[in-house]
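> So the sequence shown is numbered by my numbering: it starts at 949 and just counts up by one.
Just so you know, these hints were derived from the structure itself, not from any lab.
Please read these numbers as outputs of a predicted model, since none were measured by experiment.
Among the hints, a few may not be true.
Here are the simulated BS3-like cross-link-like pairs (lysine-lysine), alpha carbons at most 30 Å apart as the crow flies [stated by the list, open to error]:
#1 1012 to 1062
#2 1059 to 1022
#3 1089 to 1022
#4 1076 to 1004
#5 968 to 1089
#6 990 to 1076
#7 1062 to 1087
#8 1004 to 1022
#9 990 to 1004
#10 1004 to 969
#11 1087 to 1004
#12 990 to 1059
#13 1089 to 990
#14 1059 to 1076
#15 1087 to 1076
#16 1012 to 1089
#17 1022 to 968
#18 968 to 1004
#19 990 to 1022
#20 1004 to 1059
#21 990 to 968
#22 968 to 1087
#23 1059 to 1012
#24 1089 to 969
#25 969 to 1012
#26 1012 to 990
#27 1062 to 1076
#28 1087 to 969
#29 1022 to 1012
#30 1059 to 1087
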Amino acid sequence: MTRPVYETLEDRAEQIEVAKKVAVAWDCDVLCLPRLSRADYKLSRAGRTEAWAEHKRRRVPMEKYDTLILSRAKAEALRRLSELDDVPAVVFVQYDDALVWARLTERHMEKTVKAGRRDRGDPFDIEKCIEIPISEMRKVKSPGG
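Put together the whole structure using the sequences plus the hints.
Shown next, in the form of structure tokens:
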């Protein structure tokens, strides 16, 4: 059975805007990868891959929850890419009030919780997930900030 793809054009536009902010703040090139790729972004400098990244959009203030819930399958795929290139795996999260990032580490993979969204009525939205503490998130600096 093929799952529906929920990503909208608006979602993609937001992802591109975050990529532009990251490129400026981190002084790197950010390539937005095609839908359904193992990562959302490839970050590079001078043609060398520097990181693989996932983008998440959370329509809540950053401090609403103690952790970011991320699909374990997505986290594993992202970590495999990063291990192949010996570069970090990173998660960028656009909250209503902040753009933040965290490095995905082996420690995050140690504990799995069953979680996900329930508002779409899709039973496949509930899956094994990992949690990244909000306390580990760092703000993406804006130019001059």
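> Next, verify each hint and record whether it holds.
Each hint tested on the structure:
1. Taking the CA atoms of residue 1012 and residue 1062, the gap is near 20 Å; set against the 30 Å cutoff, the hint holds.
2. Proposed proximity of residue 1059 and residue 1022 is supported: the alpha carbons are some 15 Å apart, at most 30 Å.
3. Taking the CA atoms of residue 1089 and residue 1022, the gap is near 26 Å; set against the 30 Å cutoff, the hint holds.
4. For a cut-off of 30 Å, the pair hint linking residue 1076 to residue 1004 stands: about 17 Å separates their Cα positions.
5. The straight-line distance between the Cα atoms of residue 968 and residue 1089 is roughly 12 Å, inside the 30 Å bound, and the hint therefore holds.
6. At most 30 Å may separate the alpha-carbon atoms for a hinted pair to count; residue 990 and residue 1076 meet this at roughly 25 Å.
7. Using a Cα cut-off of 30 Å, the hinted pair residue 1062 and residue 1087 holds, with the two alpha carbons roughly 27 Å apart.
8. A distance of roughly 11 Å separates the Cα atoms of residue 1004 and residue 1022; the hinted pair therefore holds under the 30 Å criterion.
9. A hinted pair counts as satisfied when its Cα atoms are at most 30 Å apart, and residue 990 with residue 1004 qualifies at roughly 15 Å.
10. Restraint check for residue 1004 and residue 969: the C-alpha separation of about 14 Å stays at or below 30 Å, so the hint holds.
11. A threshold of 30 Å between alpha carbons decides the hint, and for residue 1087 with residue 1004 the separation of about 14 Å falls inside it, so the pair holds.
12. A distance of roughly 26 Å separates the Cα atoms of residue 990 and residue 1059; the hinted pair therefore holds under the 30 Å criterion.
13. About 19 Å separates the Cα atoms of residue 1089 and residue 990, which keeps this hinted pair within 30 Å; it holds.
14. Distance restraint check for residue 1059 and residue 1076: the Cα-Cα separation of roughly 10 Å lies within the 30 Å cut-off, and the hinted pair is therefore satisfied.
15. With a C-alpha separation of about 27 Å, the suggested pair residue 1087 and residue 1076 falls inside the 30 Å cut-off, and the hint holds.
16. Distance restraint check for residue 1012 and residue 1089: the Cα-Cα separation of roughly 21 Å lies within the 30 Å cut-off, and the hinted pair is therefore satisfied.
17. Proximity of residue 1022 to residue 968 is assessed by CA-CA distance (about 22 Å); at most 30 Å being required, the pair is judged to hold.
18. With a C-alpha separation of about 15 Å, the suggested pair residue 968 and residue 1004 falls inside the 30 Å cut-off, and the hint holds.
19. For a cut-off of 30 Å, the pair hint linking residue 990 to residue 1022 stands: about 15 Å separates their Cα positions.
20. For the hint linking residue 1004 to residue 1059, the alpha-carbon distance of about 20 Å falls within 30 Å, and the restraint holds.
21. At most 30 Å may separate the alpha-carbon atoms for a hinted pair to count; residue 990 and residue 968 meet this at roughly 12 Å.
22. Using a Cα cut-off of 30 Å, the hinted pair residue 968 and residue 1087 holds, with the two alpha carbons roughly 15 Å apart.
23. Taking the CA atoms of residue 1059 and residue 1012, the gap is about 21 Å. The hint holds against a cut of 30 Å.
24. Of the pairs offered as hints, the one joining residue 1089 and residue 969 holds, with about 9 Å between alpha carbons and a cut-off of 30 Å not exceeded.
25. With a C-alpha separation of about 23 Å, the suggested pairing of residue 969 with residue 1012 holds against the 30 Å cut-off.
26. The suggested pairing of residue 1012 with residue 990 holds, with an alpha-carbon distance near 29 Å, which does not exceed 30 Å.
27. Distance check on the hinted pair: residue 1062 and residue 1076 sit about 5 Å apart at the alpha-carbon level, within 30 Å; holds.
28. A hinted pair counts as satisfied when its Cα atoms are at most 30 Å apart, and residue 1087 with residue 969 qualifies at roughly 12 Å.
29. This hinted pair checks out: residue 1022 and residue 1012 have alpha carbons roughly 23 Å apart, not beyond 30 Å.
30. The straight-line distance between the Cα atoms of residue 1059 and residue 1087 is roughly 25 Å, inside the 30 Å bound, and the hint therefore holds.
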